[in-house]
Amino acid sequence: MFGEGILKGLAETARNFAGSFVSAERLTTVQYPEQRIAPIEATRDFPFLVYDGADWEAGLRCVACQICEKECPPKCIYIEKSVDKKPDFTGRPQIYPTRFDIDISVCMSCQICVEVCPFEAIKMDTEFELSTTDRFGGLLYDRKELAKSNEHYHKIHPTEAAEVDARLAEEKAKAEAKAKTAAEAAAAKAAAAATVAKPAGGSESHPEEERKI
Amino acid sequence: MIKNADQVFVLLQHWVMSFFPPAFQPIVGLLLAVVAIVCVFPGLFAVAVLLERKGLGRMQNRYGPNRVGPLGILQPVADGLKSLTKEDIVPTSADAVVHFLAPVFLVVIVFMGYAVLPMGRNMTLVNLDSGLLFFFAMGASTELSVFMAGWSSRNKYSLLGAMRAVAQMISYEVPLLLASLVVVMMTGSMNLGRIVAVQNQYTWGLPHWYIFTPWGFAAFLLYATATTAESNRSPFDLPEGESELVAGYFTEYSGFKFALFFLGEYVGMLSVSGLGATLFLGGWSAPFSFLTWVPSWIWFFGKVMLSICVFIWLRGTLPRLRQDQLMNFAWKFVLPLSLLNVFVAGLWRFMGDGLSRWAVCSGILLIAYVVMARVGMRSEDFGPRSYRYAE
Amino acid sequence: MTIAFYLIAAITIAGALAAVLLRNTVHCALALTVAFAGLAIAFLELDAQFAGFAQILVYIGAVAILVVFAILLTRGSETPKEGVFSKSWLAGMAIAAMIFAVLGWAVLSSTSALPNETARPAVNVLQIGNALMGRYVLPLEIVAVLLTSALIGAVIVARHEKGSAK
Numbered sequence: 001m002f003g004e005g006i007l008k009g010l011a012e013t014a015r016n017f018a019g020s021f022v023s024a025e026r027l028t029t030v031q032y033p034e035q036r037i038a039p040i041e042a043t044r045d046f047p048f049l050v051y052d053g054a055d056w057e058a059g060l061r062c063v064a065c066q067i068c069e070k071e072c073p074p075k076c077i078y079i080e081k082s083v084d085k086k087p088d089f090t091g092r093p094q095i096y097p098t099r100f101d102i103d104i105s106v107c108m109s110c111q112i113c114v115e116v117c118p119f120e121a122i123k124m125d126t127e128f129e130l131s132t133t134d135r136f137g138g139l140l141y142d143r144k145e146l147a148k149s150n151e152h153y154h155k156i157h158p159t160e161a162a163e164v165d166a167r168l169a170e171e172k173a174k175a176e177a178k179a180k181t182a183a184e185a186a187a188a189k190a191a192a193a194a195t196v197a198k199p200a201g202g203s204e205s206h207p208e209e210e211r212k213i
Numbered sequence: 001m002i003k004n005a006d007q008v009f010v011l012l013q014h015w016v017m018s019f020f021p022p023a024f025q026p027i028v029g030l031l032l033a034v035v036a037i038v039c040v041f042p043g044l045f046a047v048a049v050l051l052e053r054k055g056l057g058r059m060q061n062r063y064g065p066n067r068v069g070p071l072g073i074l075q076p077v078a079d080g081l082k083s084l085t086k087e088d089i090v091p092t093s094a095d096a097v098v099h100f101l102a103p104v105f106l107v108v109i110v111f112m113g114y115a116v117l118p119m120g121r122n123m124t125l126v127n128l129d130s131g132l133l134f135f136f137a138m139g140a141s142t143e144l145s146v147f148m149a150g151w152s153s154r155n156k157y158s159l160l161g162a163m164r165a166v167a168q169m170i171s172y173e174v175p176l177l178l179a180s181l182v183v184v185m186m187t188g189s190m191n192l193g194r195i196v197a198v199q200n201q202y203t204w205g206l207p208h209w210y211i212f213t214p215w216g217f218a219a220f221l222l223y224a225t226a227t228t229a230e231s232n233r234s235p236f237d238l239p240e241g242e243s244e245l246v247a248g249y250f251t252e253y254s255g256f257k258f259a260l261f262f263l264g265e266y267v268g269m270l271s272v273s274g275l276g277a278t279l280f281l282g283g284w285s286a287p288f289s290f291l292t293w294v295p296s297w298i299w300f301f302g303k304v305m306l307s308i309c310v311f312i313w314l315r316g317t318l319p320r321l322r323q324d325q326l327m328n329f330a331w332k333f334v335l336p337l338s339l340l341n342v343f344v345a346g347l348w349r350f351m352g353d354g355l356s357r358w359a360v361c362s363g364i365l366l367i368a369y370v371v372m373a374r375v376g377m378r379s380e381d382f383g384p385r386s387y388r389y390a391e
Numbered sequence: 001m002t003i004a005f006y007l008i009a010a011i012t013i014a015g016a017l018a019a020v021l022l023r024n025t026v027h028c029a030l031a032l033t034v035a036f037a038g039l040a041i042a043f044l045e046l047d048a049q050f051a052g053f054a055q056i057l058v059y060i061g062a063v064a065i066l067v068v069f070a071i072l073l074t075r076g077s078e079t080p081k082e083g084v085f086s087k088s089w090l091a092g093m094a095i096a097a098m099i100f101a102v103l104g105w106a107v108l109s110s111t112s113a114l115p116n117e118t119a120r121p122a123v124n125v126l127q128i129g130n131a132l133m134g135r136y137v138l139p140l141e142i143v144a145v146l147l148t149s150a151l152i153g154a155v156i157v158a159r160h161e162k163g164s165a166k
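Residue numbers (our numbering), protein chains in the order written: chain A, 1 to 213; chain B, 1 to 391; chain C, 1 to 166.
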């Protein structure tokens, strides 16, 4: 019948109207900012630097390799390397960034910096309420603002962080095991060289010391 | 006491008039009524805008605006302040005089229509003998202002929107007049007060409203369709479709002039709702004879607001009609049905009182409806596409 | 000849003059609308309600729109390069003066222009309706046939245009 569609449509709209007062499924609005929907784990907004432990400067994982700076498509990362070195999580001395700026007005959240970082130092944050009234420096984040602890990383991306931690712990264990075997080998060699060097003198111990480094 | 509540505004008017010398009293009375109309109907416009936004929101599973006042009640105030303080941009190549006059003309003409509406017992501003004709004369003049707005902006979008709007308004003018003609035929007068008085009688508690007769019901539906098209409301709002032609004929208007167009559209909607209530729903008469103690102006404004709610309901439900669908509908469905309705009303009148005339008239109208739906609304077979190049 | 009549006459004549003297054709059409409105008010001042409102409904609501559409859909919407006055303005003025003389003579010698005529016949819509359906039914039907033929002609012209495009 001509006009039936209109009547059915009117009935549906009336049902929507009446239902919106009584049932939640006919009124799906979330009244931001008083209510918020929890973001899912794979949410990503802008990068942040991860640090282990309590002191952000000492525990910063970033070693200023500048791979992320080179790979960033809009070139929003600016890194300055340090001159001295400090030990990283495996104990080896590494350089660190004295300056690590990300301009989040340029950043396009492509996550390439995260994908290419070999040290699991830069990860994606989920914070989006970042508007500021300072139009010149307010959206340029330096390393102090970017550094966030590993606990924060666990909170926002739990499975990812657990996996990263497992991988880092495994690498650290491997590195320690390797160092231990190397140390044992060196100690064995030194002991053997000491017993042999007593009659032959100290000329053979010098090449072994160089090899250790 | 009941009579006083019913006539409270008339008594107020007479009380204020009594302070003036007798020579000036008619003018003062008229001025008071005019001031009342100019204050009340923009207030109703604010209510209608609020109802629309919140009602549409609920129909679309969301809240409407709810930040400005409690439940968003002060949103029209915010909108009014916004449109007053926005910059008034007139394009340099636009025709400044006509550009300025178009919204002014629209608002003036639209408010003139209220002069003949009976808003309660003894509450008509000017009880003209050809009141209905006056109302339609004012309705026809609004098309000119639409055209002026579209042309003066020197903008192809505006011009296209204005052309479409004028074509639509002209096409639906004829069914509108024919649908109202039936009421005039049965009442024997174009005086709106007389039309309401004839409907104000009760049989077994039910009123003699024209909508309860077969030809009146058909005429009401045709009238509703035609007025939806006349006020450029969804589903006939292609000329002002926000997603189609930017904003159609009021693209180049900003600030207060845009607010004037908006006001004109909604006040026009209120006035045709008022006329529809007068012609078909009995104006200020109560729906049941035991409810006549409620003041008459409450019934009138209640019916007007009910019509506005139906307009909003239709807007929330129906998709927009394309221009050619709109025109086809007007000329091939609504117009033949309204002509047939005139014939059926004449038949009703000359068949005399009884049950047979109900059956015959309803039968004719139903059969015609089904036949016209099959025949008139057949979709065309367009054939291979033909091109026409500019020379 | 009351002050109201003089005002209405001034508006109508101003509108009509503007309709022929303005440069922009659409402005001329709008001024013509003012002239129509002036005529309608003149009818209303004489208590001819039906005539006045029908004038507004038909002339301003339809004829003015028609004029404006015609201007827009042809090249009339551009401002003319030469002046608005044609070269044969003297002959035009002479012809206009002669027509005005004939019309004025016809109006003055008709029965309605008697200066003592104060009682206006009250004609309401009912009487107009009766006259149209009774005494003047043949002119009414002839006008209806004329309008229908114009409508059919317009549809044929439009259809022919669409047909020739194929």
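A couple of the hints might just be wrong.
Said to hold, decoys possible - Subject to a maximum C-alpha distance of 25 Å in a straight line, what follows is the list of computed SDA-like cross-link-like pairs (lysine to any residue): (1) B:K332 <-> A:R26; (2) B:K332 <-> C:L108; (3) B:K82 <-> A:P33; (4) B:K54 <-> A:G9; (5) B:K332 <-> C:N124; (6) B:K54 <-> A:Q35; (7) A:K8 <-> B:K332.
Stated by the list, open to error - Not close to chain B: a few residues of chain C, all C-beta gaps over 12 Å, as computed: (8) I3; (9) H27; (10) I60; (11) V68; (12) V102; (13) R135.
Quick caveat, the hints were computed from the structure, so don't treat them as lab data.
We treat Cβ as the ideally placed atom computed from N, Cα and C, and that holds for glycine.
If you check each hint against the structure, which ones fail?
Violated hints: 1, 2, 5, 9, 10, 11; rest satisfied.
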